[in-house]
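Trainee: Given next are the chains, with one letter for each unit.
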Amino acid sequence: MIEIVVLLVREFPFAFFGSMMVGMLCAFVGVTIVAKRVVFLGAVLTQVSVLGLTLTFLPFFPLPHTIGSLLVTLVTVMILSQLLTGKKIPRDAVLGVVFASSVAFRILFMQKAARVDVAEVENLLRGDILFVTPDLFYVMVGAFVIVLGANLLFFKEFAYVAFDSETAATQGFHSRAWDLAFYLLAGGAIAVATHMVGDLLVFGFLVLPPVAAMLLMRSVKMIFLLSVIIGVVSPVIGLILAFHFDVPSSPAIVAVSFLILAFAWVANLVRTR
Amino acid sequence: MQQPLIEFDNVALGYGKRVIQQGITFTICQGEYLGLVGPNGAGKTTILRAILGTISPLQGQIRLGSLRGSLPRFGYVPQRETLDAVLPYSAEEVVMMGRYRSLGLIRRPGSGDQAIVGKSLDHVDALNLRGFPFKDLSGGQKQRVLIARALAMHPDLLVLDEPTNGMDLSSRLAILDLISRLHRETSLTVIMVSHLLDDVANHVKRLAVVEPGLFQIGNVEEILTDANLSSMYGMPVEVTKVRGRTVILSGGGKEHD
Chain A
1 MIEIVVLLVR EFPFAFFGSM MVGMLCAFVG VTIVAKRVVF LGAVLTQVSV
51 LGLTLTFLPF FPLPHTIGSL LVTLVTVMIL SQLLTGKKIP RDAVLGVVFA
101 SSVAFRILFM QKAARVDVAE VENLLRGDIL FVTPDLFYVM VGAFVIVLGA
151 NLLFFKEFAY VAFDSETAAT QGFHSRAWDL AFYLLAGGAI AVATHMVGDL
201 LVFGFLVLPP VAAMLLMRSV KMIFLLSVII GVVSPVIGLI LAFHFDVPSS
251 PAIVAVSFLI LAFAWVANLV RTR
Chain B
1001 MQQPLIEFDN VALGYGKRVI QQGITFTICQ GEYLGLVGPN GAGKTTILRA
1051 ILGTISPLQG QIRLGSLRGS LPRFGYVPQR ETLDAVLPYS AEEVVMMGRY
1101 RSLGLIRRPG SGDQAIVGKS LDHVDALNLR GFPFKDLSGG QKQRVLIARA
1151 LAMHPDLLVL DEPTNGMDLS SRLAILDLIS RLHRETSLTV IMVSHLLDDV
1201 ANHVKRLAVV EPGLFQIGNV EEILTDANLS SMYGMPVEVT KVRGRTVILS
1251 GGGKEHD
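First to last, the protein sequences are chains A and B. All letters in the first sequence, in the order written, are residues 1 to 273 by the numbering used here. All letters in the second sequence, in the order written, are residues 1001 to 1257 by the numbering used here.
The hints are simulated quantities; they were obtained by calculation from the structure and are not laboratory data. This structure is a prediction, so every number in the text was calculated from the model and none was measured. One or more hints might be untrue.
Some but not every residue of chain A turned toward chain B, in silico, with C-beta under 10 Å [unchecked claim]: (1) R37; (2) F154; (3) D164; (4) M217.
Taking lysine-lysine pairs in the DSS-like style, the calculated list, with each CA pair at most 27 Å apart, reads [to be verified]: (5) K156(A) <-> K1135(B); (6) K36(A) <-> K112(A); (7) K1017(B) <-> K88(A); (8) K1241(B) <-> K36(A); (9) K1119(B) <-> K221(A); (10) K1017(B) <-> K156(A); (11) K36(A) <-> K87(A); (12) K1241(B) <-> K1205(B); (13) K221(A) <-> K88(A); (14) K36(A) <-> K88(A); (15) K1135(B) <-> K221(A); (16) K221(A) <-> K156(A); (17) K1017(B) <-> K87(A); (18) K1119(B) <-> K1135(B).
Glycine included, each C-beta is placed from N, C-alpha and C at the ideal position.
Isolated chain B (complex conformation):
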């Protein structure tokens, strides 16, 4: 049995008096790769914020497991569209921000931090980008830099919010492969939020589906069934395999086969 990192116990989440999700109970264990999917506005980001501890539950309890005698460290990768870079921070400077917490107040980064930044960029195959302004990078390059920044935090959990949003197909696949590789090679616990079911279906091991007022979690095979998805989305949905990859067809998908 793997060590539990986060436990949601009958949690209700929302803002003010508005409840967005309730009755959420699940556990995330060390070494898991969990996908959190659902349409925009269903409450994925709210659950993510609760996991990260930036909002408190309206009801229930969120417990964090203890690793090496301390609480788990999060490496967060935000939606890159939320970053409005006016100043030309270099990729290296952006990754260095991941070291700021460890540095504490006032202290400046040292050679050890520089080495960690270089290693993190190297880990995501972005060492060649270190001197380039972050704001001038492509979507895929920016995402690599943000993942490197999260890795520079030495996280126990890597939490990614819509990492493939707005990317072309090749960049999307490259980023998903990179995340899978990080999970595989370092046994890093990964939580990935996406509104694209196809994106996560072929990469994660467990899946949580978030719909307005509904939360379902299980292994990918349990969640991705025709009947389950059709009832969840209120329209015919077919789950099929093409060259070993899971493909989700919605609406009139069957007629095109």
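Excised from the complex, chain A in its bound form:
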């Protein structure tokens, strides 16, 4: 096992440390996403970022992949922040519309991506973590520092608005602005992370570690801490297993997260009996 870890660090350092960084960041942001009951938004944003990535293969959107993905995701967050407060269409219906259309347009645009063949685009969209480039890794480092830093600096403001936006507003906190700031940060993290490791891994990290931590921990700080630890540990174990059993790395990492969640569920069941 140690040999596999040494091999991974030597041969695929960006994949190894990059997936740990994505796991840490998404597992941290995911706690608030799960607490706000907007998990579906996480799924939607991963698909929107993939759509943004696809668009960069088209001649009329000639931006670097990460910039394109980031731009489309952040614009979508801004639009959703307006649409999700309306009362005419239920919130999950709005998200469903964006989800379905993002996937559909991605497929359509992919067919028209003349610059490269479909297999290459698919490969990039799937986010093969073993082929993370140094450039992408450093972009992820930037996103990691900005998103995690802002979340830690303004932890109490984000927490207050997520818990009780109405009272926060009476105290002078601009609840909608804080909400938008959180979603923009989360959207930014999701866009960069999806480009790097793919939608499956990002969505998995957004949901599985936070839920496992919520089952095991009884204080909010410990939930964030354990979620981040699971986010770091899962890719390490997942990559080792993927190498050992010669299986794809992303599903292996998500499977590890799921097993940790299953253990947490059983432990919680035993404890509450």
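Using the hints provided, position chain B relative to the given structure of chain A.
Mentor: Same frame as chain A, now just chain B:
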């Protein structure tokens, strides 16, 4: 004459082009205990939001009085059903949220804030709950914690939205007694919204009745008369006293006497 804290001057309130209440004129002075009652959907929460400054009037003016050279501070207690606590914030952490405004951006709570939180919990007889997850508390306990959070804001006005909603009788009375005690002991100005006329009738000194398109305010004795309530609710209503407490009987109340 007490210092006016809030003045509504011919105010119209609503959302977008929809007017919910208009022609509202009243003053809330320091040290008052005002009840805002009316059925669901009549516009109580809209008036409350205007008092709190989270919505602006469509017409007219809302003036805030000056206390110690600054605007009055509000301690707001929301309807606890609106709080969807997924994370297990402890009662202490919830009360600490009341300190966040004073702390400002980025700064973390210090020992002074911890002391204020402890004192606020103690004030509502909930110090023993400080380590418990808020989401696991009973309705009455949650309400005490939310009142403690409002007190931690060092408010000039305590504003409570349906504080007894969904509670059993003993919890309801305990919360109403607690609010009355806070008002009495600290001369705190209190505004309490409720759709339960009985709840507020025996505790507040002034009463505002909000009905769709109608707003009436006065002393409890002026508002709670048979004729006034019958005409307001469009059915026979009797106001009577049982062991010194005001009881409101609606419909066929008299026949049961």
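Trainee: If a hint holds in the structure, say so; if it doesn't, say that too.
Mentor: Hints versus structure:
1. Of the supplied interface hints, the one on R37(A) holds, with its beta-carbon coming within about 7 Å of a beta-carbon of chain B, less than 10 Å.
2. A cut of 10 Å between beta carbons decides the hint on F154(A): the least distance to chain B is about 7 Å, and the hint holds.
3. At a threshold of 10 Å, the smallest CB-CB gap from D164(A) to chain B is about 6 Å, leaving the interface hint in force.
4. About 8 Å separates the beta-carbon of M217(A) from the nearest beta-carbon of chain B, less than 10 Å, and the hint is met.
5. In summary, the hint linking K156(A) to K1135(B) is supported, as the alpha carbons are separated by about 18 Å, within the 27 Å threshold.
6. Between K36(A) and K112(A), the direct Cα distance comes to roughly 38 Å. Violation of the 27 Å bound is thereby established for this hinted pair.
7. Under the criterion of a C-alpha separation no larger than 27 Å, the hint pairing K1017(B) with K88(A) is consistent with the structure, at around 17 Å.
8. For the suggested pair K1241(B) and K36(A), the alpha carbons sit about 47 Å apart, so the restraint of at most 27 Å is broken.
9. With a C-alpha separation of about 24 Å, the suggested pair K1119(B) and K221(A) falls inside the 27 Å cut-off, and the hint holds.
10. Distance restraint check for K1017(B) and K156(A): the Cα-Cα separation of roughly 36 Å exceeds the 27 Å cut-off, and the hinted pair is therefore not satisfied.
11. The straight-line distance between the Cα atoms of K36(A) and K87(A) is roughly 18 Å, inside the 27 Å bound, and the hint therefore holds.
12. Annotation: proposed proximity of K1241(B) to K1205(B) holds, straight-line Cα distance about 16 Å (limit 27 Å).
13. At most 27 Å may separate the alpha-carbon atoms for a hinted pair to count; K221(A) and K88(A) exceed this at roughly 37 Å.
14. Distance hint between K36(A) and K88(A) is fulfilled; the C-alpha atoms sit about 21 Å from each other, no more than 27 Å.
15. Only pairs whose Cα atoms come within 27 Å are accepted, and K1135(B) paired with K221(A) is accepted, the gap being roughly 16 Å.
16. A hinted pair counts as satisfied when its Cα atoms are at most 27 Å apart, and K221(A) with K156(A) qualifies at roughly 12 Å.
17. Between K1017(B) and K87(A), the direct Cα distance comes to roughly 16 Å. Compliance with the 27 Å bound is thereby established for this hinted pair.
18. Under the criterion of a C-alpha separation no larger than 27 Å, the hint pairing K1119(B) with K1135(B) is consistent with the structure, at around 21 Å.
Hints 6, 8, 10 and 13 from the list above are not met by this structure, while the remaining hints are.
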